[in-house]
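Visitor: Please construct the entire structure, taking both the sequences and the accompanying hints into account.
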Amino acid sequence: MKTTLNSLTLAAGMVLLFSLAGATGVRAAETATNDLPLPFPLIDRFENFQIKDGLPTHKAHCVLRASDGKLWVGTYNGALVREDGKFRRIGVEDGLSHKMVLCMVEDKRTGDMWIGTMRGLNRYSAGHITTYLQTTSGLPNNVIYGLDIMDDTLWVATAAGLGSLNLKTGEWAIYDQSNTVMHEPWVYAVKGAKDRIFVGVWGGGILEYELSNKIFKEHRDPDRDFHYELVHDAGPVSDITSWIAWEDDILWQGTYFGMSRYDGSRWRTWQEKKSPLISNFVNFIWPHGRVAWVGTDRGISVTDGNTWATYRTNEKGEGIVEIARPGRPVETRTMSTKLPNDFVLGIWVDDQEAWFATSDGLSHAIFAAPPKPTKVADAK
Amino acid sequence: MKKLFLVLTGLLVLAPAGWCAYEEKEDTTPSTNFIAEPVLPPGTRPAQKSEGDYPFYGGNYPFYGNVPEEMLPYRNIEPYYRYWLTRLPFYGPGRDYPAPPDLKTLRVGLLSPPPYGPEAVRGEMSKKGVMLAIEEANAARLPGELPFELIEKADSPQWGSAANIAIEFADTNALAFIGTIDGDATHVALRTVLKTEMFMVNCSDPDPSLTETQIPWLLRDFPDNRQQGYLLARLMVEERGLTKIVVFRGNSRPGRMGVRPFVDAVRRLGHPVLQEINFKDGDRTFDTQVAVIKQANPEAVVFWGNPAETGPAAAQLRAAGVKAAFYGFDRLVDPDFVKLAGPAVAEGTTAAYPFDPEKTDPSWTNFVARFQKRYGMKPDIYAGYAYDGAQMLIDAIKKAGPNRYRIQDQMRAINEYNGVCGYMRFDGRSDNIAPIVYAEYRQGCWHYFPPPKAKPPQTAAK
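So the sequences go chain by chain: A and B.
Each residue of the first sequence is one higher than the one before, starting from 0 at the first, in numbering that gives the first Met the number 0.
Each residue of the second sequence is one higher than the one before, starting from 0 at the first, in numbering that gives the first Met the number 0.
A few of these clues could be false.
Below, computed lysine-lysine pairings styled on DSS-like, alpha-carbon distance capped at 27 Å [what the hints assert, rightly or not]:
no., chain 1, residue 1, chain 2, residue 2
1, B, K152, B, K377
2, B, K194, B, K397
3, B, K243, B, K322
4, B, K194, A, K69
5, A, K51, B, K194
6, B, K127, B, K398
It is worth saying that the hints were derived from the structure and are not from the lab.
Guide: Structure follows, in structure tokens:
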């Protein structure tokens, strides 16, 4: 009898608890979700720059703000530096090895800008350009898809292998099918990560290279089938890596089949329609803290892996942001401005602002003021 | 420095074909967490939803690779996610961009294989097919219409050379380009077109993975090793009851990737290959491999490589007393195979093949006549597919005008095409998945046969 009474009390308590929880959930759902904190800033508006605003071409491939505060843009027709509110173009006539600039990285110790093009690598130093070609240096191939600098080493992802240039000695090393585990040296991206580098290989997944031990490790799509993602969260979403990014111990993989995230022990994968990711066609990922800013062919998705915001153009031609929080309906807001084009190729973000390189111009994102702290947050 | 550059360039030119080419190595990485696909009993029906049921296909649209039901990967599991249920469009801008200023010709690039490499002969026939299409198109242009101009550039055996050439096409304002045969070079060039936004038509690379990268700037009209592998699997296992099969393939990307659909297909039919044995491109003696194959005593040996290697290998297998039937993909029909193997050894050899080159339909026979008139020789399949690919591109340029983005739209909208090579059908990857044939070498010549039909399943779905 005592046992029965205790069981009844427990059951009644649980009913009351669930009722309260349910009521809270309903209230929260009924309340406008605008003020709920997000793990990343929301964009309030876009300021766009296109040909009419001084860009030399439609297509911008990459963008970054250098440590001196200058904005650099890689375009289909040269590199741009924004100074005094105007774009200054650096082209072939200035010594650049090719007009199509695909990637850039700054050596923050020297202020040198390394510029990867469709034909050769360039170092822009104090206004002077030095060019590196596969026929005149240790560069593996002239087509350069990605760059990164770690300590004294410049890493170069090329169409025919990964190159490394020792910035102190000028010595090159090439990593390809002959001295690594990659079957084909079709390298698309490279990213330094503390004591190792990650290499995005076209058709070869991701290579992890431990610098101290000189050991290569492969991360491959577990089902080995391009037709399917057999099971999700099991490994890289595809072996065809289009981009990789790393920050705060989180590796992000972009592919044309969705996106993956690896925290050192667990993989997560996302595809369009099965998740809030706007498109499987991921061109670029910029990590900021534990948040990924994802450039796709249909807009930008921002996520920490749980909460998402997606910026795109709707069927009416309006700019919208769609906010997807776990367990809540997607909230759609119409924006007063929109991206110049939803085909996003490059991103740069810090705590203050974001820049987007798109197929039809450059966009500067102004963040919305963060929502006022809630009482719960105050209590903390 | 200039002298050094010239010396290095000279060395590259003099280097033998394949000098820098891919060579396979042992996979020593234990880090991968691959899912092992189970070998299901023969006749096991798929538990997956048929892709023909998906709305896009409407029951008619060709699905990914036209994979036979009994050869579907992981067919006892419904996958979490499927790709290529729709053909990916290019979502970027450009359709309204003006034509390049002072346009005097409509430029089309042709990326040919190295003229001194193993693909040289096929490359030359492809080039002839493309040139004929361009010449005929120009002859039919009306006054005031811009002529087509072919810009040909030959690849070199240096890794990544094709990427540099693809950029040169963009630099010269080519509207699109055609090429190439070698799987490595084609992949390398393909990766650049995503950046240059220039359409690429492939008419001769059999690499099954070429169209599986989701780059929406590619169409291939050549029936690839996937289609050829499925046909061989059905013919050998289902129709002829062969179950003890050995694969003898090139130690190269074409060998490794090309044979994969066949190896997967026969495993899914319940009969995994006994052995997959490699040879190096350039090898001429195969003592070790022959001894291993003889020990296995297979019913069939499937060759996946070029005739320079497979011809002598076939002869050495027979000389060692291996009685297995010989099979392979279309490269076995290359005259060099019979020449190097010898007619007696080649007797009974069976190869998957895109179509019957002895066919008598007017489209093909007229093309053969025009080709012979122009070049004084009969066309082969490579000339035919190159002609058809160029013709599709010419039609697209005519409709779209000199705008790369509208040309892309036109090319990716092609679902079916009737060319000189016959009927073509393009799947969600813009890959030709029309039925192909097989050839048998009997009494001094190749005879062509329609593909085997699917056998009814042995067990009902539960």
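Visitor: Against this structure, judge whether each hint is valid.
Guide: Here's how the hints hold up against the structure:
Between K152 (chain B) and K377 (chain B) the CA atoms are separated by roughly 24 Å; this keeps the pair inside 27 Å, and the hint holds. Between K194 (chain B) and K397 (chain B) the alpha-carbon distance is near 24 Å, which keeps this suggested pair within the 27 Å criterion. Straight-line distance between C-alpha atoms of K243 (chain B) and K322 (chain B) comes to about 12 Å, which keeps the hinted pair within the 27 Å bound. Distance restraint check for K194 (chain B) and K69 (chain A): the Cα-Cα separation of roughly 25 Å lies within the 27 Å cut-off, and the hinted pair is therefore satisfied.
Taking the CA atoms of K51 (chain A) and K194 (chain B), the gap is near 23 Å; set against the 27 Å cutoff, the hint holds. Annotation: proposed proximity of K127 (chain B) to K398 (chain B) holds, straight-line Cα distance about 24 Å (limit 27 Å).
The earlier numbered hints are all upheld by this structure, with none contradicted.
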